[in-house]
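**Q** Chain S is fixed; fit chain C onto it per the hints.
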Amino acid sequence: MIEAILLTIITAATPLVIAAMGELVTERAGVLNLGVEGMMIMGAVCAFAGAQLTGLPLVGLVAGIVGGALFSLLFGFLTLTLVTNQVATGLALTLLGLGLSGQLGEAFVGIPGVKLAPIVIPVLSDIPVVGPLLFRQDITFYLSIALVIGVNWFLFRSRTGLKLRAIGDNHGSAHALGISVIRTRYLAVMFGGACAGLAGAQLSLVYTPQWVENMSAGRGWIALALVVFASWRPWRVLAGGYIFGAVGILQLHAQAFGIGVPSQFLSMLPYAVTIVVLIIISHNRRTTLINTPACLGKPFVPDR
Amino acid sequence: MSEARGPEAGSLLKVRSLTKYFGTFAACNGIDLSIGPGEIHALLGENGAGKSTLVKMLFGVLQPSEGRIFWDGRPVSIGSPGEARTLGIGMVFQHFSLFEALTVAENIALSLDPKIPLAKIAEEAESLSKAYGLPLDPHAHVADLSVGERQRIEIVRALLQNPKLIILDEPTSVLTPQEADKLFETLFKLKAEGRSVLYISHRLEEVQRICDRATVLRHGKVTGDCDPRQETPASLARMMVGSDVAGVHRDSTTDLGSALVQVQNLSVPARTPFSVTLKDIALEVRAGEVLAIAGVAGNGQGELFDALSGEYPVGNDEAIRLCSKAVGRTGINGRRLLGAGFVPEERHGHAAVSDMALSDNLLLSRSQSDRSLFLAGGLLSVIRHDAIRATARRICAAMDVRKSGDDPAAGSLSGGNLQKFIIGRELDRKPAVLVVNQPTWGVDAGAASRIRQALIDLARAGSAVIVISQDLDEIFEVATNIAVISEGRLSKPYPAGDLTLEKIGLLMGGIHDSTAHSGATAGGVHAH
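Those protein sequences? They're chains S and C, same order as listed.
Counting in our numbering, the first sequence runs from 1 upward without gaps.
Counting in our numbering, the second sequence runs from 1001 upward without gaps.
Here chain S stands alone, though its shape is the one from the complex (with noise of 0.2 Å):
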């Protein structure tokens, strides 16, 4: 029962995680991309008809990184070529991606889905309750952990992920420096649209392996939100989504035992927990200072 109730906190945090750390990347360099829910559902419906067409779950993954990538280019574009407002422009992203999401998917409705099978990594998924629950989880958990520890390098250890955050500190700066700004935003955008989508795949390939319409049913605001109050640092991010996924996962096993609290409360949970956390894990503000891009949000214009 417990290593049941584990698994689906995995599988509930897991695609949260992926689309934070995309995110993540995307804000650090300064970018504030709001259409992370579009990207996600627009993952979903590539990866759900790419595993359709072929028979292949992998290839649907693929086309599901794919899909999102793409999708994040448009808002790249747009903000960072033609400098549209990115908080309008993002919105737009997800109301373009849950419409356009629906449409491609109408063919897709009702029809049973291609799961995306674990890997079982030897050895280690003999070890007793850990082994099942850790190492015999599909490729979209690996990768969810590799994110946040290959993320974490990037930012923190890399010359290439120094550069990204001092544009995302001082755009002008970073110019100035001959950091090419726009460049390295575009392919930060697309990295933050490739892990949404990504996200958007296990949605569709692993938790439920099916296209239903809004199947991204608010995750991706939940991502975008737990960016911010993990104030832009990959672990703590981590410790975000799976607070959120085993709160939410508990409450609904408490709403089925029927204890005496309105259902309700019970829902606004993960939420409140959530926040409470991650506000008390960030009190100090001068790391929150430090680690918040100071150039988020900010178009860049090169006076040239």
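Hints in this document: simulated from the structure, not taken from any laboratory.
You may find that some hints are simply not true.
[To be verified] Covered stretches of chain S, as calculated for chain C (at least 3 residues, CB under 8 Å):
#1 171–182
#2 187–200
#3 287–295
[Unchecked claim] No farther apart than 30 Å at their CA atoms in a straight line, the calculated lysine-lysine pairs in the BS3-like style are these:
#4 Lys-1120(C) / Lys-1164(C)
#5 Lys-163(S) / Lys-1120(C)
#6 Lys-163(S) / Lys-1164(C)
#7 Lys-1492(C) / Lys-1503(C)
#8 Lys-1191(C) / Lys-1221(C)
#9 Lys-1191(C) / Lys-1130(C)
#10 Lys-1189(C) / Lys-1115(C)
#11 Lys-163(S) / Lys-1115(C)
#12 Lys-1115(C) / Lys-1130(C)
#13 Lys-163(S) / Lys-1279(C)
#14 Lys-1325(C) / Lys-1403(C)
#15 Lys-1492(C) / Lys-1279(C)
Note that the Cβ used here is the ideal one computed from N, Cα and C, for glycine as well.
**A** Same frame as chain S, but now just chain C:
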């Protein structure tokens, strides 16, 4: 064009008829410049003379419209700052191009070869900074550093690339006289190593002290190429301004009236992690007095201004009294209604909305204090454009604000003209108390002298004036009394006549009274 090899061979950098157009406006117009190896070369000019544009072209930030650049005798085109660095040109910007959220070492690493590990950069930066007398902790976050320390990062960053030419843009504008002396020692060390320095400044005595040659710019053209040591400050200023700068006149004996500003036990905790805590500030300004508050940037000037203006009211109502009324908890409009006027430091976005017309900016700041004049219809508050425009015109005429069109957007004015308008906007009300922060920051000499004269005239007419400034020339020109702010503490006021440049420097460094000894020699004689 077949260039004679001779003159180019002798110079490290030579610029021939370099021109940059922005639209039809020529920011730089046929500039010729030549810098020899081991030479400290001054670039002098008022604001808007084209110094920054020229330097940006030399550093590859801007591309010239016409003209050529020769480096070591060879024609080059500098497409980006990276190319400039490869050639051996380093640059220390006036507005630091630093990243506050990153550490010193990370900031430096950004402009170096990405293959060098961060730990090695930190190590090298530390040893290099020691060797040149510019101590730095490579692991500190820039946000926590003083302006002087930030400048050191820029210099060390430029030096790590082993440049042949270092461009310094107004480097001493943020330093104490002692810090400036240290910088000059560093520059002489660089010169002794055979490196060249292009030194941009408007401080004539500095240029005369350290520079071998000077090129003077005015309206985008070269108006002088000279050995600054052979010139007088007046002759250099003439090249910069075109005509003799009007001196500021004041009566030496003015009778002071009653105290109009009284500040007692004013303590304000830091509002953000990056701001300064004000500690037990006390000051008094009487009618007819100009109190100048000197200090190095970032020692609490902005915070003191916010407290005095009421932009951020303070908890203790009695801490600030304007015209004998306790106003500590009163907001900015309430204080204006008592007859006070305020001019903050930032022209764009704080003192004025750049995209709005001058008349709109006038209404924004005086809508409460001049309600009956500018607004009609009682509660409806209908804007009386005619009255506002007429007042704006009066201000422009009184302060000689040069503008295009009748009522242009504030952002279209040059810095000096906008500042004249902003100060004139307050003066026009004949305020009993005027508090100004950095009244002539980045303003050309003509406008600066006009503004200073206006401040002195206001005091002479019986107002109390507080001038917060980092410019010591300005302070000595306008002040009746001088107090120095350092780390959020304000010294007691000294009569302007009793203070030497050296004493002020020590106070700015936080050393008070008795501990002061004449170890450090402050910069040359002050030109009054």
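**Q** Now, for every hint given, state plainly whether the structure supports it.
**A** Consistency of the hints with the structure:
Three residues within the 8 Å Cβ limit are the bar, and the region 171–182 of chain S against chain C gives 7, so the coverage statement holds. Counting residues of the region 187–200 of chain S whose C-beta lies closer than 8 Å to any C-beta of chain C gives 0; at least three are required, and the coverage claim is violated. For a cut-off of 8 Å, the count of residues in the region 287–295 of chain S with a CB near a CB of chain C stands at 6, and the three-residue condition holds. Simply put, Lys-1120(C) and Lys-1164(C) have alpha-carbon atoms about 23 Å apart, close enough for the 30 Å limit, and the pair holds.
With a CA separation close to 18 Å, the supplied pair Lys-163(S) and Lys-1120(C) stays within the 30 Å bound. This hinted pair checks out: Lys-163(S) and Lys-1164(C) have alpha carbons roughly 26 Å apart, not beyond 30 Å. Pair hint Lys-1492(C) plus Lys-1503(C) holds up; C-alpha atoms about 13 Å apart against a cutoff of 30 Å. Between Lys-1191(C) and Lys-1221(C) the alpha-carbon distance is near 27 Å, which keeps this suggested pair within the 30 Å criterion.
Taken as a hint, the Lys-1191(C) and Lys-1130(C) pair is honoured in the structure, with Cα atoms around 18 Å apart against an allowance of 30 Å. Restraint check for Lys-1189(C) and Lys-1115(C): satisfied, since their Cα atoms lie roughly 29 Å apart, inside the 30 Å limit. For the proposed pair Lys-163(S) and Lys-1115(C), the alpha carbon gap of about 14 Å is at most 30 Å, so the pair holds. Proximity of Lys-1115(C) to Lys-1130(C) is assessed by CA-CA distance (about 24 Å); at most 30 Å being required, the pair is judged to hold.
Restraint check for Lys-163(S) and Lys-1279(C): not satisfied, since their Cα atoms lie roughly 39 Å apart, outside the 30 Å limit. For the hint pairing Lys-1325(C) with Lys-1403(C), the CA-to-CA distance comes to about 39 Å; that exceeds 30 Å, so the pair is violated. Restraint check for Lys-1492(C) and Lys-1279(C): satisfied, since their Cα atoms lie roughly 13 Å apart, inside the 30 Å limit.
Checked against the numbered hints given earlier, this structure breaks hints 2, 13 and 14; the rest are met.
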